Amino acid sequence: MIKAQKRTAEKDEGAAADWLGFASSHRQLRLEFEDILSYQAMLLDQDRLEEWLDLLAEDVRYMVPVRQKIKDERANLANRRALCHFNDGKPGLSLRVGRIRTGFAHYNNLHALVRNLVTNVRILDVQNGGELVQVASNFAVFRAREEKEETAFVGGRTDTWRRTDGKWLLVHRLVELNHHFVPPISVLF
Amino acid sequence: MKSFDELVNLKDRTVDPSVFWDPELYRLEQERIFARYWQVVGLEAEIPKPNDYISSWIGEESVFVTRDAKGEIHVLLNSCPHRGAKVCRAEKGAAKTFTCPYHGWTFRNTGELIGVPLLDENYFGALDKKKWGLLSARVEVVYGLIFACFDPEAPSLDEFLGDMKWCLQLMLDRTPEGMEVLQRSEKILIDANWKLQSDQFCGDNYHAAPLHRAVMMLFPNANFNDNADGRNFCASFPHGHSFFRVASVTTENPDHPEIAGWIDQLTETRKKRLSPAQASLVTQGTSAIFNIFPNLSVQCNPEFVQIRLNLPRGPSHQLLVYYLLVDREAPSTFKEAAVETLGLLFSGSGIFELEDGTVWAEATNSLKGPIRQRQPLNYSMGMGHEKADPDIPGMVTYNPPTEDNVFNFYRGWREALEYGPGGKRQPHAIAAE
Numbered sequence: 001m002i003k004a005q006k007r008t009a010e011k012d013e014g015a016a017a018d019w020l021g022f023a024s025s026h027r028q029l030r031l032e033f034e035d036i037l038s039y040q041a042m043l044l045d046q047d048r049l050e051e052w053l054d055l056l057a058e059d060v061r062y063m064v065p066v067r068q069k070i071k072d073e074r075a076n077l078a079n080r081r082a083l084c085h086f087n088d089g090k091p092g093l094s095l096r097v098g099r100i101r102t103g104f105a106h107y108n109n110l111h112a113l114v115r116n117l118v119t120n121v122r123i124l125d126v127q128n129g130g131e132l133v134q135v136a137s138n139f140a141v142f143r144a145r146e147e148k149e150e151t152a153f154v155g156g157r158t159d160t161w162r163r164t165d166g167k168w169l170l171v172h173r174l175v176e177l178n179h180h181f182v183p184p185i186s187v188l189f
Numbered sequence: 190m191k192s193f194d195e196l197v198n199l200k201d202r203t204v205d206p207s208v209f210w211d212p213e214l215y216r217l218e219q220e221r222i223f224a225r226y227w228q229v230v231g232l233e234a235e236i237p238k239p240n241d242y243i244s245s246w247i248g249e250e251s252v253f254v255t256r257d258a259k260g261e262i263h264v265l266l267n268s269c270p271h272r273g274a275k276v277c278r279a280e281k282g283a284a285k286t287f288t289c290p291y292h293g294w295t296f297r298n299t300g301e302l303i304g305v306p307l308l309d310e311n312y313f314g315a316l317d318k319k320k321w322g323l324l325s326a327r328v329e330v331v332y333g334l335i336f337a338c339f340d341p342e343a344p345s346l347d348e349f350l351g352d353m354k355w356c357l358q359l360m361l362d363r364t365p366e367g368m369e370v371l372q373r374s375e376k377i378l379i380d381a382n383w384k385l386q387s388d389q390f391c392g393d394n395y396h397a398a399p400l401h402r403a404v405m406m407l408f409p410n411a412n413f414n415d416n417a418d419g420r421n422f423c424a425s426f427p428h429g430h431s432f433f434r435v436a437s438v439t440t441e442n443p444d445h446p447e448i449a450g451w452i453d454q455l456t457e458t459r460k461k462r463l464s465p466a467q468a469s470l471v472t473q474g475t476s477a478i479f480n481i482f483p484n485l486s487v488q489c490n491p492e493f494v495q496i497r498l499n500l501p502r503g504p505s506h507q508l509l510v511y512y513l514l515v516d517r518e519a520p521s522t523f524k525e526a527a528v529e530t531l532g533l534l535f536s537g538s539g540i541f542e543l544e545d546g547t548v549w550a551e552a553t554n555s556l557k558g559p560i561r562q563r564q565p566l567n568y569s570m571g572m573g574h575e576k577a578d579p580d581i582p583g584m585v586t587y588n589p590p591t592e593d594n595v596f597n598f599y600r601g602w603r604e605a606l607e608y609g610p611g612g613k614r615q616p617h618a619i620a621a622e
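If you read the sequences in order, they're chains A and B.
Here the first sequence is numbered in this note's numbering, starting from 1 and rising by one per residue.
Here the second sequence is numbered in this note's numbering, starting from 190 and rising by one per residue.
Everything labelled a hint here was simulated from the structure, so no lab data went into it.
Wrong hints could be hidden among the right ones.
DSBU-like mimics (lysine-lysine), calculated; alpha carbons at most 30 Å apart, straight line [as the list claims (entries may be wrong)]: (1) 376(B) - 71(A); (2) 461(B) - 148(A); (3) 460(B) - 319(B); (4) 69(A) - 354(B); (5) 320(B) - 460(B); (6) 461(B) - 354(B); (7) 69(A) - 376(B); (8) 460(B) - 376(B); (9) 259(B) - 319(B); (10) 524(B) - 71(A); (11) 69(A) - 576(B); (12) 200(B) - 354(B); (13) 69(A) - 275(B); (14) 238(B) - 319(B); (15) 524(B) - 461(B); (16) 460(B) - 557(B); (17) 238(B) - 200(B); (18) 285(B) - 238(B); (19) 275(B) - 318(B); (20) 275(B) - 259(B); (21) 71(A) - 461(B); (22) 200(B) - 524(B); (23) 354(B) - 524(B); (24) 71(A) - 275(B); (25) 354(B) - 285(B); (26) 285(B) - 69(A); (27) 200(B) - 576(B); (28) 148(A) - 376(B); (29) 259(B) - 200(B); (30) 259(B) - 90(A); (31) 376(B) - 557(B); (32) 167(A) - 90(A); (33) 259(B) - 71(A); (34) 285(B) - 259(B); (35) 90(A) - 524(B); (36) 576(B) - 524(B); (37) 238(B) - 191(B); (38) 285(B) - 71(A); (39) 238(B) - 259(B); (40) 69(A) - 238(B).
This structure is a prediction, so every number in the text was calculated from the model and none was measured.
Isolated chain A, as found in the complex (with noise of 0.2 Å):
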C-alpha cells in the first residue's frame, strides 16, 4: 500500500472499531427499532395508512430529496429542502393518504400491490436520556401495478424517533433514494 493509502486504512481500523462497539452496546435499541420499522412497513404493506400516519409525530418532517449528479451530492441532503420529490409535514402525508381514500386514486386504486422490505438497521444515535434516537434502515418497496409494469424504490432512510409517555413516534424521515429518474412515487417509504 502507498502511505497515504495506509494511513487512511489505519484510521479506518479506527473508526470502525468505534462503530461496531457502539452497535454492541446498543443491540437491544437496535431489535427494538427493528421491530418498529418492521411493524411501519407492514401497516404500509396492509394499506393501513391510518395507523402509519399515528406513528409519526405532529410535527413531523419527511423528506425526499432528488438526487443529483453532482460533487459531493450527499454532503448536504438534508438541507436541500428546496430539491425534494416530497417535503412534508403531518398535514401533507395526511392529505395523500385522503387522497388515496376518496377511492378516487387512479393511479393506486385496485391495481397496486406493494412489499416494503426494512433491512441494515443500524442505530446512529441516543440523546435525552434515551428518548430521542436516530436510526439508518436501508430499504426496498416492490410495487407491482398495472399487468406487467413493476417498479421496485429502494433507498436509505435517516430516522429521528422521539418517545413520548412510553410511545415512539417519527419526528424526522430523510430518505435517500436510491435513482436519479424515478416513476410516479405513489407509495411511501
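Following the hints, put chain B in place on chain A, whose structure we already have.
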C-alpha cells in the same frame, strides 16, 4: 405509415392511433422536430455566473448549456466529435473547459476544440481543430427561458413564437426582478408517449374535474370550471402553440395566510407591466396552462410557475424534467410554502398529478392494438366556435372549454413532419370552410 391526412385530419379533428406508436413516425419526430425546432433546454437563472453550466437534453440527445467567460450562453451537443463519449459529465457545475475522458480532447465552454493530445506527434499537425469543435446550437433567451435550435435554416425564435409571445408576456412578465429557479429538477419517467402530456398542456381543462376528482374531494373550495370574471379562454397559434387561461384555480394553503397579501401585491405589479387588454385578464386568481410547440409545458398559478421539459424516450416512454419558479421578490416564507405545495400537488408524485400518469400510460398501451387502429381519437369538441378576437391574438374560444387548442398541437405536429420548421404553415380553420 398512413397519409398525413389520415394521421391528423384537419377537417374532422381526429388523430390516428399510430401517431402514438409507429416507430417510423417516432424517427421522423426525432429528425424533423427535435433536431430542427427551437426547444427550451434550461433557464438563465440556472447559470447565473460566467463559466457556470448545466446539462440537459434536446429530444433524446444529451446537451450541455454553458455561460462563457464573456457571459454568452452556448448550447453544445454532449458527444465528443472524436468518438462520441460524454464530454460534460455532471448535472451542473462551473468549468472553463471540458476534457473528454476517452482520448483527452479538450473543449472551451464555447464549444471550440482547444486541446488535442499529441497533435504534432500523432496527427502530424494535420488536424484542423476549427472543424472539430462540439456541435453547437443557436441560442435565444425569452423571459429567462433558454431556447436552443440545432437547425441553422429554421426561422428565428421570434418568428416561430409569433403571437404566442403575447401570452408569454401575459403570464411570465411578472415583476421587475424576474423569477428565480427554486427547484430543478425532478426527473420523472412515465411509460407514455410524450405527446399526450403536451396536448393536455395545450389546455385540456375538460379532464380536470373527472380525473382529479380525488383532489376536488380533498379541497371542496377548488372549482376547476370557475369562470369568475367570464373571460376564460383558449387560444390556438400557428406552429402548434396553444394557451388556456382560467380565472380562478385556487388551492389555498391555510397554514400560510401571508400568501394572500403577497398575491395582491404581485397582481398589481403585474398589471402595470402589461397592455390594458392583457392587464384586464390578470386577477388574483388568474392561472394558465400552455404548451410551446413541441415540448415546453407551462403551468402558471398566481403563486408560482412550473415548467416541464417533455422529452421522448422511445414511442412509449417519456422523461419529464420539472422546474419550479417563483418571483424573486416573494417573501421567503412564501418560497418555502411554494416548495412544499408543489411537492404535494404538482410533483411527479403529487396528489394532483399521479392520476395523469396512469391514463397517459394506459392510452399509450391501448393505442397500439390492431383493433384499436379502427377508431381515431376525437378532438372535435367546440369545433367551429373558435374565432379571431379583437383583444386576444390567435384563434380564440371563450368558455366553455374547447378541444381546438388541444388539437392545435397536432396541427403543429403534422406541419413539422410534412414541412419542417421553415415550411408552409398549416392553415388553421379548414373545418370552417
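Now the hints, each set against the structure:
For a cut-off of 30 Å, the pair hint linking residue 376(B) to residue 71(A) stands: about 18 Å separates their Cα positions. Using a Cα cut-off of 30 Å, the hinted pair residue 461(B) and residue 148(A) is violated, with the two alpha carbons roughly 54 Å apart. Using a Cα cut-off of 30 Å, the hinted pair residue 460(B) and residue 319(B) is violated, with the two alpha carbons roughly 49 Å apart. Our distance criterion of 30 Å between C-alpha atoms is broken by residue 69(A) and residue 354(B), whose separation comes to about 34 Å.
Among the hinted pairs, residue 320(B) with residue 460(B) is inconsistent with the structure: their alpha-carbon atoms are about 50 Å apart, more than 30 Å. For the proposed pair residue 461(B) and residue 354(B), the alpha carbon gap of about 18 Å is at most 30 Å, so the pair holds. Note on residue 69(A) and residue 376(B): the hinted pairing holds, with a Cα-Cα distance of about 12 Å set against a maximum of 30 Å. Pair hint residue 460(B) plus residue 376(B) does not hold up; C-alpha atoms about 34 Å apart against a cutoff of 30 Å.
For the given pair, residue 259(B) sits about 20 Å from residue 319(B) by alpha-carbon distance, which is consistent with the 30 Å threshold. Of the supplied pair hints, the one linking residue 524(B) and residue 71(A) holds, its CA atoms being roughly 26 Å apart against a limit of 30 Å. Taking the CA atoms of residue 69(A) and residue 576(B), the gap is about 48 Å. The hint is violated against a cut of 30 Å. Restraint check for residue 200(B) and residue 354(B): the C-alpha separation of about 27 Å stays at or below 30 Å, so the hint holds.
This hinted pair checks out: residue 69(A) and residue 275(B) have alpha carbons roughly 14 Å apart, not beyond 30 Å. A hinted pair counts as satisfied when its Cα atoms are at most 30 Å apart, and residue 238(B) with residue 319(B) qualifies at roughly 27 Å. Using a Cα cut-off of 30 Å, the hinted pair residue 524(B) and residue 461(B) holds, with the two alpha carbons roughly 23 Å apart. Restraint check: the Cα-Cα separation between residue 460(B) and residue 557(B) comes to about 47 Å, which exceeds 30 Å; the hinted pair is violated.
In summary, the hint linking residue 238(B) to residue 200(B) is not supported, as the alpha carbons are separated by about 50 Å, beyond the 30 Å threshold. Distance check on the hinted pair: residue 285(B) and residue 238(B) sit about 12 Å apart at the alpha-carbon level, within 30 Å; holds. Only pairs whose Cα atoms come within 30 Å are accepted, and residue 275(B) paired with residue 318(B) is accepted, the gap being roughly 19 Å. This hinted pair checks out: residue 275(B) and residue 259(B) have alpha carbons roughly 25 Å apart, not beyond 30 Å.
Between residue 71(A) and residue 461(B) the alpha-carbon distance is near 43 Å, which puts this suggested pair outside the 30 Å criterion. This hinted pair does not check out: residue 200(B) and residue 524(B) have alpha carbons roughly 46 Å apart, beyond 30 Å. The suggested pairing of residue 354(B) with residue 524(B) holds, with an alpha-carbon distance near 27 Å, which does not exceed 30 Å. Distance check on the hinted pair: residue 71(A) and residue 275(B) sit about 17 Å apart at the alpha-carbon level, within 30 Å; holds.
A hinted pair counts as satisfied when its Cα atoms are at most 30 Å apart, and residue 354(B) with residue 285(B) does not qualify at roughly 34 Å. Restraint check: the Cα-Cα separation between residue 285(B) and residue 69(A) comes to about 19 Å, which is no more than 30 Å; the hinted pair holds. Restraint check: the Cα-Cα separation between residue 200(B) and residue 576(B) comes to about 16 Å, which is no more than 30 Å; the hinted pair holds. A threshold of 30 Å between alpha carbons decides the hint, and for residue 148(A) with residue 376(B) the separation of about 22 Å falls inside it, so the pair holds.
Of the pairs offered as hints, the one joining residue 259(B) and residue 200(B) is violated, with about 51 Å between alpha carbons and a cut-off of 30 Å exceeded. Under the criterion of a C-alpha separation no larger than 30 Å, the hint pairing residue 259(B) with residue 90(A) is inconsistent with the structure, at around 48 Å. Between residue 376(B) and residue 557(B), the direct Cα distance comes to roughly 26 Å. Compliance with the 30 Å bound is thereby established for this hinted pair. Between residue 167(A) and residue 90(A) the alpha-carbon distance is near 17 Å, which keeps this suggested pair within the 30 Å criterion.
Our distance criterion of 30 Å between C-alpha atoms is met by residue 259(B) and residue 71(A), whose separation comes to about 25 Å. For a cut-off of 30 Å, the pair hint linking residue 285(B) to residue 259(B) stands: about 11 Å separates their Cα positions. Distance restraint check for residue 90(A) and residue 524(B): the Cα-Cα separation of roughly 19 Å lies within the 30 Å cut-off, and the hinted pair is therefore satisfied. As the CA atoms of residue 576(B) and residue 524(B) are separated by approximately 39 Å, the hinted pair breaks the 30 Å bound.
A distance of roughly 49 Å separates the Cα atoms of residue 238(B) and residue 191(B); the hinted pair therefore is violated under the 30 Å criterion. With a C-alpha separation of about 17 Å, the suggested pairing of residue 285(B) with residue 71(A) holds against the 30 Å cut-off. Restraint check: the Cα-Cα separation between residue 238(B) and residue 259(B) comes to about 10 Å, which is no more than 30 Å; the hinted pair holds. With a C-alpha separation of about 20 Å, the suggested pairing of residue 69(A) with residue 238(B) holds against the 30 Å cut-off.
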